[in-house]
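Protein chains: 4
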Amino acid sequence: MGNTFGQLFRITTFGESHGGGLGVVIDGCPPTIDISEADIQRELDRRRPGQSKITTQRKEEDRCEILSGVFKGKSLGTPISILVRNKDARPDDYVDLAKKFRPSHADFTYEAKYGIRNWQGGGRASARETIGRVAAGAVARKVLGALYPKIDIVAYVAQIAEVTARIAKSKVKVRDVDANIVRCPDAVAAKKMISLIEKTREAGDSLGGVIECVIRNAPAGLGEPVFDKLEADLAKAMLSLPATKGFEIGSGFSATQMRGSEHNDAFEMRGGRVRTSTNYSGGIQGGISNGEEIYFRVAFKPTATIGREQKTVTKSHDETELAARGRHDPCVLPRAVPMVEAMAVLVLCDHALRHRAINRNP
Amino acid sequence: MGNTFGQLFRITTFGESHGGGLGVVIDGCPPTIDISEADIQRELDRRRPGQSKITTQRKEEDRCEILSGVFKGKSLGTPISILVRNKDARPDDYVDLAKKFRPSHADFTYEAKYGIRNWQGGGRASARETIGRVAAGAVARKVLGALYPKIDIVAYVAQIAEVTARIAKSKVKVRDVDANIVRCPDAVAAKKMISLIEKTREAGDSLGGVIECVIRNAPAGLGEPVFDKLEADLAKAMLSLPATKGFEIGSGFSATQMRGSEHNDAFEMRGGRVRTSTNYSGGIQGGISNGEEIYFRVAFKPTATIGREQKTVTKSHDETELAARGRHDPCVLPRAVPMVEAMAVLVLCDHALRHRAINRNP
Amino acid sequence: MGNTFGQLFRITTFGESHGGGLGVVIDGCPPTIDISEADIQRELDRRRPGQSKITTQRKEEDRCEILSGVFKGKSLGTPISILVRNKDARPDDYVDLAKKFRPSHADFTYEAKYGIRNWQGGGRASARETIGRVAAGAVARKVLGALYPKIDIVAYVAQIAEVTARIAKSKVKVRDVDANIVRCPDAVAAKKMISLIEKTREAGDSLGGVIECVIRNAPAGLGEPVFDKLEADLAKAMLSLPATKGFEIGSGFSATQMRGSEHNDAFEMRGGRVRTSTNYSGGIQGGISNGEEIYFRVAFKPTATIGREQKTVTKSHDETELAARGRHDPCVLPRAVPMVEAMAVLVLCDHALRHRAINRNP
Amino acid sequence: MGNTFGQLFRITTFGESHGGGLGVVIDGCPPTIDISEADIQRELDRRRPGQSKITTQRKEEDRCEILSGVFKGKSLGTPISILVRNKDARPDDYVDLAKKFRPSHADFTYEAKYGIRNWQGGGRASARETIGRVAAGAVARKVLGALYPKIDIVAYVAQIAEVTARIAKSKVKVRDVDANIVRCPDAVAAKKMISLIEKTREAGDSLGGVIECVIRNAPAGLGEPVFDKLEADLAKAMLSLPATKGFEIGSGFSATQMRGSEHNDAFEMRGGRVRTSTNYSGGIQGGISNGEEIYFRVAFKPTATIGREQKTVTKSHDETELAARGRHDPCVLPRAVPMVEAMAVLVLCDHALRHRAINRNP
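Protein sequence lines correspond, in order, to chains L, U, H and Z.
Read the first sequence against the numbering used here and you will find it ends at 379, with the numbers running on by one and no gaps.
Read the second sequence against the numbering used here and you will find it ends at 379, with the numbers running on by one and no gaps.
Read the third sequence against the numbering used here and you will find it ends at 379, with the numbers running on by one and no gaps.
Read the fourth sequence against the numbering used here and you will find it ends at 379, with the numbers running on by one and no gaps.
Don't read these hints as lab results, they were simulated from the structure.
There could be a bad hint or two in this list.
Since the list gives no way to pick out one identical chain from another, each pair is judged satisfied if it fits inside one copy or across any two copies.
What the hints assert, rightly or not - BS3-like, lysine-lysine: derived pairs with alpha carbons at most 30 Å apart:
hint: 1; residue 1: K104; residue 2: K91
hint: 2; residue 1: K167; residue 2: K76
hint: 3; residue 1: K104; residue 2: K89
hint: 4; residue 1: K159; residue 2: K216
hint: 5; residue 1: K159; residue 2: K116
hint: 6; residue 1: K104; residue 2: K167
Chain L with its partners taken away, still in its complex shape (with noise of 0.2 Å):
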């Protein structure tokens, strides 16, 4: 259980970091989309270890292969399932972690549920789990395409520890992200992030930061009252990423130092439609779109594996140190934002899907 998120575009993922494989099946996918595995692939690439020098030097290709589901080029309506192969499997970096536990790792908790674990790797922790998440958005991101054609969903990172950037989060595009190695929009911040991640690294430790992510161009009317509010589903699908901490949709903590005077967002007629003056909403109202801009920024600790030698106990209760062998990200937010689109794809092509059932003029 819990392997599987959506209800009407419902992904379940499976693999574990060392094993045959990852992957993902997509159950609900409308029929006759266009769909293709470099479509799936150009959203893995944006994920992939080893993509710069300053993400982690693990070598996997990461080269996926649809297995069911299309046929020439076109979703049958029928689940469509999609592999990844692992290919740069090296058990004995960790063969120190079949006994010890890694410190605000996954591996004591998966211990304590279960009574076993894969300890090579992380196992079903490890972030590789996330490929089936993004194969599985860039299916999503082409139902969408097809249900709405002006939408546009776009995450970058915002700050890395103390580096904060300035975007215009309006009109930043995919490829202003992708335009560096940390896929920050703000050329200086940017610079400064790439620097400080180096260096942390060179000193064994790790960083932190926030990932924004910007919804353009959404129709009014997705989201269900009152548990599936659009808020609570991009919430849930965010603190299911690893190494998430915090959520804020719209205004987020800053709304609790403000007054409701300040906080409205007052109607008015703009374009010939219903808009908001100001959106301190982030584009939800009752957990559901109202066609403005919906954005939300996302918490991210630092990674948890660190070169220096740390404290921690073993399986049986000796208290040990521990230092980190395998090849590792200092910092997991530029390889996190697509990992970030495609978790909020997902929210929206299921709310779509969602409210195109009970709509009576879809």
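Could you slot chains U, H and Z onto chain L? The hints should help.
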């Protein structure tokens, strides 16, 4: 769709703020749990309108009736349905709202989604909907107590606007929280908060703030990778509450400015158990509880309903103005404390049952 | 768990035969559908006890109240909850049952599963539980009628014990079914059935039989491969009704003795549409409706409650005897006709919404 | 949607008869269960094409590979994914089918539903889809065996066309079933069945029949009222198998001709346990197992694919004729035996986990 929460301890709420009544059906409650209307009423009284001078003066007794699922004081294993009748309904207070969209409310989005809405008192988007959640939470608390007698779940107001409390979160008890009408266990801060709320109401304005929740003595092993991580389900639960804008688990957004070497929670042996020396993780690693305190924070925006005149538009797209005539809360936080607790209890209870299902030695 | 049916048009029933009441919450009903208590009451009256001399003489008015989800006669898109209060409860009739297990009832199995049971009138296992289903079915019928104005769903008694009716299933209408108290549209057979039921009751015994259901003018395309085939969901729906022992779609068990060359439904063009020249498939191929008549048969066992003395054991494992004192139906079929219809309508309505979700040209 | 089965032991199958491969993802398998590819292969070999002279001569080895969820021979508690590659694909055999709808197949309905179909070998509607079910069933059997070591689930061919077997259902073992190629444990009947199948194939025709399944030593208490009754879930499971037309639990349709006084299963004490003296109920009362043998029967239609010419229409609505060129089974029952067993095991395993979740003394 969207009115059901939980996988095994599964609740479905129903009801609008005006109409026959509101309530909940709980499916999946284990049998032979002691449950009484008094247990439920106690929690409902904590969220009831009119309970103090700083809440809305709407007079609703919110008396609950158990319609099914309990026999001679014990749960039967069958659905427990609980009904609260609407009493102090004044549809006349809302007649203006049939035509005008209240800013930062759900009037416009419900209309956009459904093409119809119950405009009396906010309909389904009213915070009265949380009656069902709080009632179900009271039942979940009994179940959780039967499974884990030492578990302790306490929420409290940690901040109202710019007033921040100092709270020893490892020790705070429900009776400390309920010691004052603002439900902040720091007496000095509470006094300032109350005075600020009164002053703000007089000014026709409203306030937001932060509720913190701590869960002590939860067992290690609750939570399901990968999408149903414990923090992901808590995030969804909290963001599904009206007026929420953000969620943080453990270190939250502050983690983004820390280094891994600071943030990692080293393991150590303490009291014969594997413990962590710090708890930035907030009691959850890899989505599964580790036996430490689980704590999180929820951001609430200032109440959207305010006394002052605001700009808005009508259903027929004319620009107009609007001032609240209904009775309302100048700050929802005191009454939201039992809602946050209820949702936390529901998440824990659901995961406790899910864990039992697969655990060979429960 | 287990009290919810449907994926998108999702109903949750609640209530025991004794206690505050029974009912249903419907989540997923599209908005702006005309719904009234009268629509629902009409169907409830068809399943009501005491409606004729051949049913139980228990006097229950079974008046329904819509508690939520309907505003000024139209569905809101929010949960529709419907409540029927228990009235003619005579717990004294059942006091014997606190200790003795009724043969072929659920007394023993509920006790085995839950360690507790509401022994008054069968508790949750009572056929009174179907009130919620029939009420929800009345709502589903309105939704289905809005989506497919020509669809027609009719169930009727086709056999009672050894008396078999001759019915032109392509033409039979609800008014033909309700033309007599046994709900068999073959007047000659109906007369024999009624007389057999009366005679059997006098003898302290009970009867079973077959209900047939036909669905005309369903569109092609409803049903989801592979597990949620239309016939699979119908089978589950029917076997979830009390006292059912079998289900056949189309040719059913008689298909087992046919050759493929006989049984195959050849395609032909008729009226400008692809049609089949025979319909052994029962309107469903590969789990999806093909536009032909959908028809199926449901086997009901003889009522377990009989007037005669029977051997049984007590809760404390003593062998004893038992004779029914409560008022009961000597044959459930006349009252089960609206239950079969309701479940069929619910399955169709759910699949209609599911189809809309993925259909690019609904 | 529709490709997932089960609530807690939840399987999702994927794959078309032609394409990269078929398989299943199992979510909810408890940890530390012994699982090997050999366990799974054994069951797959029982459903494999080409296994005897009376099945299709299509040569598929159907070798399975476990991609995830098993580590050093034990389940991890994470998703178990199993893949079988398609090998002996001859798309040329099917090229005719791109244009013509095969009678009593799903070609027309898939086209009607999705506007597209993989016409090679039946695509998703092919019985090859059951590979995933049978593989998952093998895993479920290991789980069930760990929870209830004495449980025994056996299916067998009880009837082919007009040839009916005599079988002592309380004693029959899997080895008796597999003693002959038609999987009928009555040797005399088996011989007649085999000869009938061969004769029918030569005549370009096909046969149906009945598979019976018996479950011995299931505990009392499995099954969930009211919609997820054990027999309801079994009915759905069976009717979701290709070519099925009917389902009977216990007395089934024969109950319709019995009187209550005959049909009721009197309780008695036997071996220190509450037992029933007869078992017309088929081991289930009120949807919950009572500890007696669970038995049911499934009707299969004659294979739709036959050698003879048949009338049909093309995609462009021209009337035409068609004769099968692909290799096919003249009677699916011998290969359907492991499918029926797999689905029965999956239902039981799912309900076993569901019961553990709410049972305070599992």
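Hints, one by one, checked against the model:
1. In the homo-oligomer, the alpha carbons of K104 and K91 lie at most 30 Å apart both inside one protomer (29 Å) and across protomers (22 Å), since each shortest distance falls under that limit.
2. In this homomeric assembly, K167 and K76 never come within 30 Å of each other (Cα to Cα): the closest approach is 36 Å inside a single copy and 48 Å across copies.
3. Proximity of K104 to K89 under the C-alpha cut-off of 30 Å is found in both arrangements, the shortest distances being 28 Å within a copy and 19 Å between copies.
4. In this homomeric assembly, K159 and K216 never come within 30 Å of each other (Cα to Cα): the closest approach is 39 Å inside a single copy and 52 Å across copies.
5. In this assembly of identical chains, K159 and K116 lie within 30 Å of each other by CA distance solely across copies; the values are 28 Å between and 44 Å within a copy.
6. Proximity of K104 to K167 under the C-alpha cut-off of 30 Å is found in neither arrangement, the shortest distances being 38 Å within a copy and 42 Å between copies.
Comparing the model with each numbered hint stated earlier shows that hints 2, 4 and 6 do not hold.
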